[in-house]
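**Student:** Chains as they are written, first to last, in the numbering used here: chain A, 1 to 252; chain B, 1 to 412; chain C, 1 to 420.
If you are wondering where the hints come from, they were derived from the structure by calculation, not from laboratory data. No residue lacks a Cβ here, since even glycine has one placed at the ideal position from N, Cα and C. Keep in mind that the hints are not guaranteed to be accurate.
What the hints assert, rightly or not - Here are some chain B residues the structure puts well away from chain A; computed CB gaps all over 10 Å:
#  : residue
1  : Ser6
2  : Met45
3  : Val105
4  : Val106
5  : Ser259
6  : Arg273
7  : Asp298
8  : Asp309
9  : Gly346
10 : Ala349
11 : Ser353
12 : Leu355
13 : Ala356
14 : Thr357
15 : Glu365
Unchecked claim - Simulated pairs of lysine to aspartate or glutamate, EDC-like, Cα-Cα distance not exceeding 16 Å:
#  : chain 1 : residue 1 : chain 2 : residue 2
16 : A       : Lys141    : C       : Glu37
17 : C       : Lys170    : C       : Glu115
18 : C       : Lys187    : C       : Glu115
19 : A       : Lys141    : A       : Asp94
20 : A       : Lys141    : C       : Asp380
Unchecked claim - Quick list of simulated restraints, FRET-style, between CB atoms:
#  : chain 1 : residue 1 : chain 2 : residue 2 : range
21 : B       : Phe166    : A       : Asp40     : 46 to 56 Å
22 : A       : Val237    : C       : Arg217    : 33 to 43 Å
23 : B       : Glu124    : C       : Arg34     : 39 to 49 Å
24 : C       : Thr136    : A       : Gly176    : 25 to 35 Å
25 : C       : Tyr285    : A       : Gly176    : 53 to 63 Å
26 : A       : Asp115    : C       : Pro255    : 56 to 66 Å
27 : A       : Arg109    : B       : Ile10     : 46 to 56 Å
28 : A       : Gly147    : B       : Thr288    : 39 to 49 Å
29 : C       : Leu210    : A       : Gly147    : 36 to 46 Å
30 : B       : Ala123    : A       : Gly176    : 48 to 58 Å
31 : A       : Trp161    : C       : Asn186    : 23 to 33 Å
32 : B       : Asn252    : A       : Gly176    : 25 to 35 Å
33 : C       : Ala207    : B       : Ala46     : 45 to 55 Å
34 : A       : Arg109    : C       : Tyr391    : 50 to 60 Å
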Amino acid sequence: MSQTPVLDLRGIDKSFGPVRVLQQVDFTAYAGEVTALVGDNGAGKTTLVKCIGGIHSLDGGDYLFDGRPVRPSSPREAAGLGIEVVHQDLALADNLDIVQNMFLGRERRRGIVLDETAMEELARRTLAELSVRTIGSVRRKVSELSGGQRQTVAIARAVLWDSRVVVLDEPSAALGVAQTQQVLEIVRRLADQGLAVVLISHNMNDVFAVSDRVAALYLGRTVAQVRTADVTHAQVVELITAGRSESLGIRG
Amino acid sequence: MKAGPSQEDIRRHNLGTLLRYVHVRGPASRATLAESLGLNRSTIMALTADLTAAGLVREELPRSPGRRAGRPSLVVRPESTRVYVLAFDVGVDRIAVARVGLGGVVLDRRESPHEGRGPVEPAELVATLAGMARSLVRKAGRDAVCVGAALAFPGIVRRGDDVIRFGPNLRVGDVRLGEMLSRRLALGVPVAVANDANLGAIAEHERGAGVGYDDMVYLHGDVGVGGGIIVGGRLLGGQDGYGGEIGHMGVNPGGRTCSCGARGCLESEVGERTLLTLAGRADLTGMTSREAVRAIVDAADRGDVVARDALHQVGTWLGHGVANLVNIFNPGLVVFGGTLRDVYLGSAAQVRSVLATEGMAAPRERVRLRTAQLGDDTTLVGAAEFAFADVLDDPLHVLARLRDPEGEPVGS
Amino acid sequence: MSTDIPRLADADFAADRRQLDVRSAVSDYWARVRAGELGAIPAILALAFLFVLFTGLRPDTFLSTGNVANLFTQALPVTILAMGLVFVLLLGEIDLSAGVASGVCGAVMAKLIVESGQPWYVAVIAAIATGVVIGTAIGWLVSVIRIPSFVVTLALFLGLQGITLKLIGKGGTVPVRDDVIVALANKNMPLWLGWTLAVLVALGYAASQLLRWNRQRRRGLHGKPVQLVAGRVVVVGAILLIGTFVLSLDRAPSPLVTLAGIPWGVPLVAVLLIIATFVLDRTAYGRHLYAVGGSAEAARRAGINVTRIRMSVFMIASGLAAVSGIVAASRLNSVATDSGAGNTLLYAVGAAVIGGTSLFGGRGRARDAILGGLVIATIDNGLGLLGMDAYANFLITGGVLLVAAGIDALSRRRRSATGR
């Protein structure tokens, strides 16, 4: 598959004062694929995601979106390009229902009146496309939902806007097994629908279960970007913990 | 013998094709149908008129808020509530029966656990199934008609006469379950019997993760391990319909003894009993197989080292099996269903690691590994699809036969 | 005709597609109540209890038509003030100065009419403008400078009383004699107009409910069973018409004159209620208000200007406080140095909370102010009829506020315990 990556970051540098967090980081994500971003704590995953999502500005390097150089300087601008980030804390309003949360800040209106029917139908269609099976009613309040269901709503909200890239930061961190599985299947389905999905996860099983590519960060550098089908568990663990893998021919 | 297909054959074929289209893809406008089926609009109109008269489809204005200009094309939708089949799924520890409408809509369902671990009396099983089915039929509308029935069975079933040759986990070997059930139901439809994993493969291919993949492998776990292989869009049946017994592929010569008598089959290395034994939970009773497997995956996730090790081993053997399948069939997709869904998600790292080392580079390059999109309903949905096969092949004939079981079919 | 049954993929929104029948709707409702979503129940129970209690204690006076009409006018200022506070409480903020702000605005109006001889509408506009300016100041201090609203409004509670004193001066009261202003709380609508309006409002309510139900059904959306919708329409209609009927009876103490009709203040509150409900339920602004109250962080991430929202609610609250001050001035025919001070604010907060608005933010509706306002006015009125001493009045009203806040806190705990 030699298509243009949707997201192509080259030689990214980022420092906070004297602290260099990212150094010459390369990262690509392709449409229709799940790219797993792995690395130890402090390897720079979250910083990289914040750079992608427009929260941090870049100190240096190239940010290509669909092959065009861009520099999103706010989450809004990133969203304008079609890049949505689902953060770990999800940021949902508990007292609102699913539809209201999915359209929060971007409500559909007719005149000054909210167009509830259009929003409800669109929300339901989006959830149905993700084969979300366990919500019951889209008019349930978010406070009634389980952790996995909330995650689902947050993801559905991210893909509601003709997004091209969805970045998921540890989506299964606080979930039980059944809910994790549900979220993983949704992640997979997003990619099957043609989105470029970036998945940050600590769990090797999750990474192997759904990803097509693995990008490993080690101490703020990209040590490998490989196809998941070509690597083993042991090799990825080696990349994360040592920043190199003899068997893959990657030296730190 | 005719030289070529007659006018009548072509019409029958076209009717079936159109009906299949709306059955699988959902309601479609005449314009879409004409374009997708490569027929002109007047032919489509004649075909829909025939199907409407037979009560199989209906035409109506599109419901979605179409604010586009111009006259909207009529939408042809399947008569989901009026035309249905009965789908039976005899799992090892549960029985499910569903009334499924044309278009693949589950209209109603009954489920009951059953103590399938000991030998099951066929007569008893048939009585239970018929009872559940009857309560479903009773609830159907008065104008609804049952056009077929099929039963998914976890065993080896001979194509042609539907005799169960081997049911390793349900000992009801060599009986004609379908005939018994059909007689008992007295609905005038035969009950087809097929291997459950084969049906699961069909379901995932037509309505699940495998839509768009003509070459795929489906692996199904339900105490044992079964499978279905789709090659070129068709289920691989083999000489007698026994094909696709992936669970009895040898992966570990000299390994554990399998229920089939051999040693080191995929089933004996990754089946539920093995997983339970490895996890030190062979004594888990009172749980369905699915619950037991989930309990182990859950324990592993919480850090239970014994459960982790068990999943690790099982995942490794599963990887061997998948690598073999990928090397032999070069599928675009491998789907894990039933309890193997949980096993795969709990041991994906091992499965894919083995695939990465043992799968040949070329065939594994583009293979995708997925979990069943239809969840716990794969085999049930597959049975429904199988039951619809007759009516989709020759819609008018099947309906005519139902209406007038003795007389000559009308119009053919 | 189209019995639409979901396809497999969306079979799981069955709850949305199914028209709920009455039984499941009732059991859903009961489940929500048990999980701590009390809604209007406490207020209605309290109202029923108080009516029974006071009728029992003062059978001949409490339910007399004159007293019932009095009850309504008594409830007007509290209700309007509470409606403004609902907006503030929705964000989990508090405005302790709303009561005295209403006093300042009343004083501004009175001074303009009495001393500058301005027409009533100029005075009213000036009073409301004063309220909005006060609200802007509070909003700016709270949302931009980030002083807790509790502290800002406590400071203004004192400061504004000073301003009222300065405005009104030594005399202690400024009489208000403008006909229009006085009519607000003291004059009644002609009977025919009252009936026409009541019928129109009832019909309008019925139409909007049924249209909505029909639209939902047609598009296969989540909806209530038609019996419940019809029931609600009937109940609301009955309350409207019975109320109109009672207020249309002659309640003059002497047979020589007639005194009947709906007080002019009632339609004013009705209009405010409709506007506030529309803004909260049907506009993006209202949606954002609830979102900020539920989770300010989520709202901020969704691109909502939280600062502006926070500022706006104080402007609304103080603006409505001005209206409340005008109505209060009308009722008493004067503005005094202690107008809006004392227990005015306590009553208004109590009204909102009794009505079902949460002190923790994110929950509440405009109608809460009406229900709670009626409860508070009934207590005030009933205790007055009983001839209770002032100390008892304070004790009881304070106790009611505590109980209401307690119910709010407990039901919130219940909600989080049941994962709602």
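**Student:** Now tell me, hint by hint, if it's right for this structure.
**Tutor:** Hints and how they fare:
Remark: the non-interface label on serine 6 of chain B is consistent with the geometry, its nearest Cβ contact in chain A lying 43 Å away (cut-off 10 Å). No beta-carbon of chain A comes within 10 Å of the beta-carbon of methionine 45 of chain B; the shortest separation is about 30 Å. The Cβ of valine 105 of chain B lies farther than 10 Å from every Cβ of chain A, with a closest approach of about 14 Å, so its non-interface assignment holds. Every CB of chain A lies more than 10 Å from the CB of valine 106 of chain B, the least distance being 13 Å, so the non-interface label holds.
For serine 259 of chain B, the requirement that its beta carbon stay farther than 10 Å from each beta carbon of chain A is met, with the minimum near 28 Å. Here arginine 273 of chain B stays apart from chain A, with its beta-carbon at least about 21 Å from theirs, past the 10 Å limit. Remark: the non-interface label on aspartate 298 of chain B conflicts with the geometry, its nearest Cβ contact in chain A lying 5 Å away (cut-off 10 Å). Distance to chain A confirms aspartate 309 of chain B as a non-interface residue, since its nearest Cβ pair spans about 14 Å, more than 10 Å.
A cut-off of 10 Å between C-beta atoms contradicts the statement that glycine 346 of chain B is not in contact with chain A; the least separation is 6 Å. A Cβ of chain A approaches the Cβ of alanine 349 of chain B within 10 Å, the least distance being about 4 Å, so the stated non-interface status is violated. For serine 353 of chain B, the requirement that its beta carbon stay farther than 10 Å from each beta carbon of chain A is not met, with the minimum near 4 Å. For leucine 355 of chain B, the requirement that its beta carbon stay farther than 10 Å from each beta carbon of chain A is not met, with the minimum near 7 Å.
Once the 10 Å rule is applied to beta carbons, alanine 356 of chain B is inconsistent with being away from chain A; the minimum gap is 5 Å. The claim that threonine 357 of chain B is not at the interface with chain A is violated, since a C-beta of that chain comes within 10 Å of its own (minimum 6 Å). Here glutamate 365 of chain B does not stay apart from chain A, with its beta-carbon only about 7 Å from theirs, under the 10 Å limit. Distance hint between lysine 141 of chain A and glutamate 37 of chain C is fulfilled; the C-alpha atoms sit about 12 Å from each other, no more than 16 Å.
As the CA atoms of lysine 170 of chain C and glutamate 115 of chain C are separated by approximately 15 Å, the hinted pair is consistent with the 16 Å bound. Restraint check for lysine 187 of chain C and glutamate 115 of chain C: not satisfied, since their Cα atoms lie roughly 24 Å apart, outside the 16 Å limit. With a C-alpha separation of about 7 Å, the suggested pair lysine 141 of chain A and aspartate 94 of chain A falls inside the 16 Å cut-off, and the hint holds. At roughly 37 Å between alpha-carbon atoms, lysine 141 of chain A and aspartate 380 of chain C are farther apart than 16 Å, so this suggested pair is violated.
Checked against the given bound of 46 to 56 Å, the beta carbons of phenylalanine 166 of chain B and aspartate 40 of chain A, roughly 51 Å apart, stay inside it. The hint said 33 to 43 Å for the Cβ distance between valine 237 of chain A and arginine 217 of chain C, and at roughly 56 Å that hint is violated. With their beta carbons about 43 Å apart, glutamate 124 of chain B and arginine 34 of chain C fall inside the hinted range of 39 to 49 Å. Checking the proposed 25 to 35 Å range against threonine 136 of chain C and glycine 176 of chain A shows it is violated: the Cβ atoms sit about 49 Å from each other.
Remark: the range hint 53 to 63 Å for tyrosine 285 of chain C to glycine 176 of chain A is contradicted by a beta-carbon distance near 38 Å. A hinted range of 56 to 66 Å for the beta carbons of aspartate 115 of chain A and proline 255 of chain C is consistent with their spacing of about 57 Å. Range check, arginine 109 of chain A to isoleucine 10 of chain B: about 53 Å between beta-carbon atoms, so the 46 to 56 Å window is met. The supplied range of 39 to 49 Å is broken by glycine 147 of chain A and threonine 288 of chain B, whose beta-carbon atoms lie about 25 Å from each other.
Evaluation of the 36 to 46 Å hint for leucine 210 of chain C and glycine 147 of chain A yields a pass: the beta carbon distance comes to about 39 Å. The beta-carbon spacing between alanine 123 of chain B and glycine 176 of chain A, approximately 42 Å, falls outside the hinted interval of 48 to 58 Å. About 56 Å separates the C-beta atoms of tryptophan 161 of chain A and asparagine 186 of chain C, a value inconsistent with the hinted range of 23 to 33 Å. A C-beta distance of roughly 32 Å is found between asparagine 252 of chain B and glycine 176 of chain A, which places it inside the suggested range of 25 to 35 Å.
Our hint of 45 to 55 Å for alanine 207 of chain C and alanine 46 of chain B holds, since their Cβ atoms are close to 47 Å apart. Judged by the Cβ atoms, the range 50 to 60 Å given for arginine 109 of chain A and tyrosine 391 of chain C holds: they are separated by roughly 53 Å.
The structure is inconsistent with the numbered hints 7, 9, 10, 11, 12, 13, 14, 15, 18, 20, 22, 24, 25, 28, 30 and 31, although it conforms to all the rest.
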